[in-house]
Amino acid sequence: MSRQFPDPAIIDPAFSEYVEIPDESMYALVRKRGQERPGEPALSFLGVRMSYGRLLDEIESCARGIQALGFREGDVFAICMPNTPETAILYYAVNRLGGICNMIHPLAPAAYVMEIIENTRSSYLCLPDLFIGRLAEQIEAKRADSPLRHILVSPMARSGGALSRFGLWLTKTRKAMRQMPRNDAWIRWQELLDRGRVESLPQAPEGSDRVAVYLHSGGTTGAAKTIMLTDRNFNSIAVPIFAAIGVPAGAPPPYGESFVNVLPLFHGFGLCIGLHAMLVNGACSILVPQFSTKGMASIIKKERPTLIAGVPTLFEALLNAPVMQKADLSSFKAIFCGGDSLTPELKERFDRFLKERGSACRLREGYGLTETVTVCSITHDKSSDRNGIGHPLANMEMKIIDPETREMKADGERGEICVTGPTVMAGYLNDEEATRETLVLHDDGKVWVETGDLGYRDPDGYYHFTSRLKRMIKVSGIPVFPAQIEEIIASMPEVLQTAVIGIPHPYRMQVVKAFLKVKPDTDKKALEERIVEAVAKRLLPYAVPKEFEYLEEFPKTLIGKIDTRLLEEKEAIRRGGL
Numbered sequence: 163m164s165r166q167f168p169d170p171a172i173i174d175p176a177f178s179e180y181v182e183i184p185d186e187s188m189y190a191l192v193r194k195r196g197q198e199r200p201g202e203p204a205l206s207f208l209g210v211r212m213s214y215g216r217l218l219d220e221i222e223s224c225a226r227g228i229q230a231l232g233f234r235e236g237d238v239f240a241i242c243m244p245n246t247p248e249t250a251i252l253y254y255a256v257n258r259l260g261g262i263c264n265m266i267h268p269l270a271p272a273a274y275v276m277e278i279i280e281n282t283r284s285s286y287l288c289l290p291d292l293f294i295g296r297l298a299e300q301i302e303a304k305r306a307d308s309p310l311r312h313i314l315v316s317p318m319a320r321s322g323g324a325l326s327r328f329g330l331w332l333t334k335t336r337k338a339m340r341q342m343p344r345n346d347a348w349i350r351w352q353e354l355l356d357r358g359r360v361e362s363l364p365q366a367p368e369g370s371d372r373v374a375v376y377l378h379s380g381g382t383t384g385a386a387k388t389i390m391l392t393d394r395n396f397n398s399i400a401v402p403i404f405a406a407i408g409v410p411a412g413a414p415p416p417y418g419e420s421f422v423n424v425l426p427l428f429h430g431f432g433l434c435i436g437l438h439a440m441l442v443n444g445a446c447s448i449l450v451p452q453f454s455t456k457g458m459a460s461i462i463k464k465e466r467p468t469l470i471a472g473v474p475t476l477f478e479a480l481l482n483a484p485v486m487q488k489a490d491l492s493s494f495k496a497i498f499c500g501g502d503s504l505t506p507e508l509k510e511r512f513d514r515f516l517k518e519r520g521s522a523c524r525l526r527e528g529y530g531l532t533e534t535v536t537v538c539s540i541t542h543d544k545s546s547d548r549n550g551i552g553h554p555l556a557n558m559e560m561k562i563i564d565p566e567t568r569e570m571k572a573d574g575e576r577g578e579i580c581v582t583g584p585t586v587m588a589g590y591l592n593d594e595e596a597t598r599e600t601l602v603l604h605d606d607g608k609v610w611v612e613t614g615d616l617g618y619r620d621p622d623g624y625y626h627f628t629s630r631l632k633r634m635i636k637v638s639g640i641p642v643f644p645a646q647i648e649e650i651i652a653s654m655p656e657v658l659q660t661a662v663i664g665i666p667h668p669y670r671m672q673v674v675k676a677f678l679k680v681k682p683d684t685d686k687k688a689l690e691e692r693i694v695e696a697v698a699k700r701l702l703p704y705a706v707p708k709e710f711e712y713l714e715e716f717p718k719t720l721i722g723k724i725d726t727r728l729l730e731e732k733e734a735i736r737r738g739g740l
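Numbered per our numbering, the sequence shown spans residues 163 to 740.
Certain hints may be false.
Stated by the list, open to error - List time: in silico SDA-like cross-link candidates among lysine to any residue, alpha-carbon distance up to 20 Å: (1) Lys699 <-> Arg305; (2) Lys495 <-> Glu559; (3) Lys463 <-> Gln487; (4) Lys488 <-> Glu478; (5) Lys675 <-> Ala645; (6) Lys194 <-> Gly412; (7) Lys675 <-> Glu709; (8) Lys495 <-> Asp543.
Said to hold, decoys possible - Distance ranges between label pairs, derived from CB positions: (9) Glu361 <-> Thr567: 52 to 62 Å; (10) Lys608 <-> Leu631: 18 to 28 Å; (11) Thr567 <-> Val485: 17 to 27 Å; (12) Ala645 <-> Tyr669: 54 to 64 Å; (13) Lys708 <-> Gln197: 31 to 41 Å; (14) Lys488 <-> Gln452: 20 to 30 Å; (15) Arg350 <-> Asp622: 50 to 60 Å; (16) Leu631 <-> Pro410: 21 to 31 Å; (17) Pro184 <-> Asp622: 30 to 40 Å; (18) Glu518 <-> Arg466: 11 to 21 Å; (19) Ser454 <-> Glu361: 37 to 47 Å; (20) Asp622 <-> Arg283: 39 to 49 Å.
Calculated directly from the structure, the hints in this document are not laboratory data.
No experiment lies behind these values; they were computed from the predicted model shown.
Positions of the beta carbon are idealized from the N, C-alpha and C atoms, including for glycine.
Turn these sequences into a full structure, and let the hints steer you where they fit.
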């Protein structure tokens, strides 16, 4: 399929032109940029900046430390951390040694963490010190029967300045660290650095086609998957991404750019765009460990950032926050939204909000999936007043096909969105069948991701997302998988049948609602409490049901399965959505 570019009045073709990607590791590209700009800020955390020169030194020290623990090329290091400099340092240290970074949500319960550890055969795990009290006992109890050899405990405020360290130590850290097991498997960050002082590092592995990162998502089928991504996948987005803010391909990246990285580093966008792309292009990544409107207002005032990305709930929160009403937003050059559908109404309100506070930019929507690391299309600043998900980024292609016949759809006709290009994953870990279902060789000789998302391309060349073929709920932009919740609920002896759907929420966009058919005389309140507790113990907090409804009978499809589509339609009608 030949590439078709929209009218230049809508989007500059250079935005999507082919860009040569170096055959190097992520670490190698960051090292090159850091050596060019050693004194420039690379990271900012709790008001304290870290230069590129210091970042490279920290990466080397960390790499020597984990090597002293026995970490070698091909080993898997699970990183269960919020957005801190230590997360970034460890990420590149693992990459420096040719290992695999297994990124895990830091709010995940211990059972969920250990399940991922087992499935990915992770030998090493990093946790923040503040979470030791919540996780340590259960992890230690299961460690002997798991692949885990060492657990690294990272101080949350180490890179945030003396005042931050002292305040956290007095209030939270000291208490949490008392619960850290006292054996050789558990090691503090400073001890790690001390162990590595006498280590000499081997030459960094060459090439970019090895698996470097595990991210966890729902797959295109709606069931939880571990996605294998390579250095090339990440670099293919990071190298040309500044074209999205008007920097021509191949031109030296500008000085002084900074990105508010409020999206988590266990997520493709936060990790690839918010961290890696910024460092590859010499910008500063402002790491935000936990979102709050007060914190955002402070960052905007003190840091004067030029770039930010978020999910719709973030922009809704900023709109409604009293602390943001007098904010000066004139420093922003580009603002991006993804992770869930952006309604025209929210976009219109936020664009007006930006203009009234001095910003010339408008909210731009993108589309992506973890199977392509993150974003693969985005609206251009020339046409950011249009609705849609824009046009493919550099080196990427998209098309719309009939899900049954795989024939191309004409402009304006709805079908399944397909994506191809150098960001396409290596596959799903330990799931060849799902990989074959998702990565499909088409008649054009290219391997395409059949996304399971429906949409269309308009006559101007813009793509539009309409709905999902797969079962998945987005809560605050985080994927939640009904099948996992249903499995937990169905294990309750009182439950005869169950189904889970997403329902609208004014802030989180969607939350989970559970439908149940139960045995007579069931204590429904007690059952709901047990369900909430069970889901919270095994899955992410976003998966906990917020509403329950009891049915005498479930609607069924022609083949006898519960008709969740009909449940969703009835719910929408009841809420006035249809």
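Status of each hint after checking the structure:
Restraint check for Lys699 and Arg305: the C-alpha separation of about 18 Å stays at or below 20 Å, so the hint holds. A threshold of 20 Å between alpha carbons decides the hint, and for Lys495 with Glu559 the separation of about 26 Å lies outside it, so the pair is violated. For the hint linking Lys463 to Gln487, the alpha-carbon distance of about 13 Å falls within 20 Å, and the restraint holds. Of the supplied pair hints, the one linking Lys488 and Glu478 holds, its CA atoms being roughly 16 Å apart against a limit of 20 Å.
Between Lys675 and Ala645, the direct Cα distance comes to roughly 13 Å. Compliance with the 20 Å bound is thereby established for this hinted pair. Note on Lys194 and Gly412: the hinted pairing holds, with a Cα-Cα distance of about 15 Å set against a maximum of 20 Å. The straight-line distance between the Cα atoms of Lys675 and Glu709 is roughly 5 Å, inside the 20 Å bound, and the hint therefore holds. A hinted pair counts as satisfied when its Cα atoms are at most 20 Å apart, and Lys495 with Asp543 qualifies at roughly 10 Å.
For the pair Glu361 and Thr567, the supplied restraint of 52 to 62 Å holds, since their beta-carbon distance comes to about 58 Å. In this structure the hint that Lys608 and Leu631 lie 18 to 28 Å apart at CB holds, the actual value being about 21 Å. Take Thr567 and Val485: their Cβ atoms lie about 53 Å apart, and the range 17 to 27 Å is violated. Between Ala645 and Tyr669, the C-beta spacing of about 25 Å breaks the proposed range 54 to 64 Å.
For Lys708 and Gln197, the hinted distance range of 31 to 41 Å is not satisfied, since their beta carbons lie about 50 Å from each other. Under the hint 20 to 30 Å, the C-beta atoms of Lys488 and Gln452, about 23 Å apart, fit the expected range. With their beta carbons about 56 Å apart, Arg350 and Asp622 fall inside the hinted range of 50 to 60 Å. At roughly 38 Å, the beta carbons of Leu631 and Pro410 sit outside the given window of 21 to 31 Å.
Checked against the given bound of 30 to 40 Å, the beta carbons of Pro184 and Asp622, roughly 34 Å apart, stay inside it. Look at Glu518 against Arg466: about 18 Å separates their beta carbons, and that is inside 11 to 21 Å. The hint said 37 to 47 Å for the Cβ distance between Ser454 and Glu361, and at roughly 39 Å that hint holds. One distance hint, 39 to 49 Å for the beta-carbon pair Asp622 and Arg283, holds here, with the actual separation near 48 Å.
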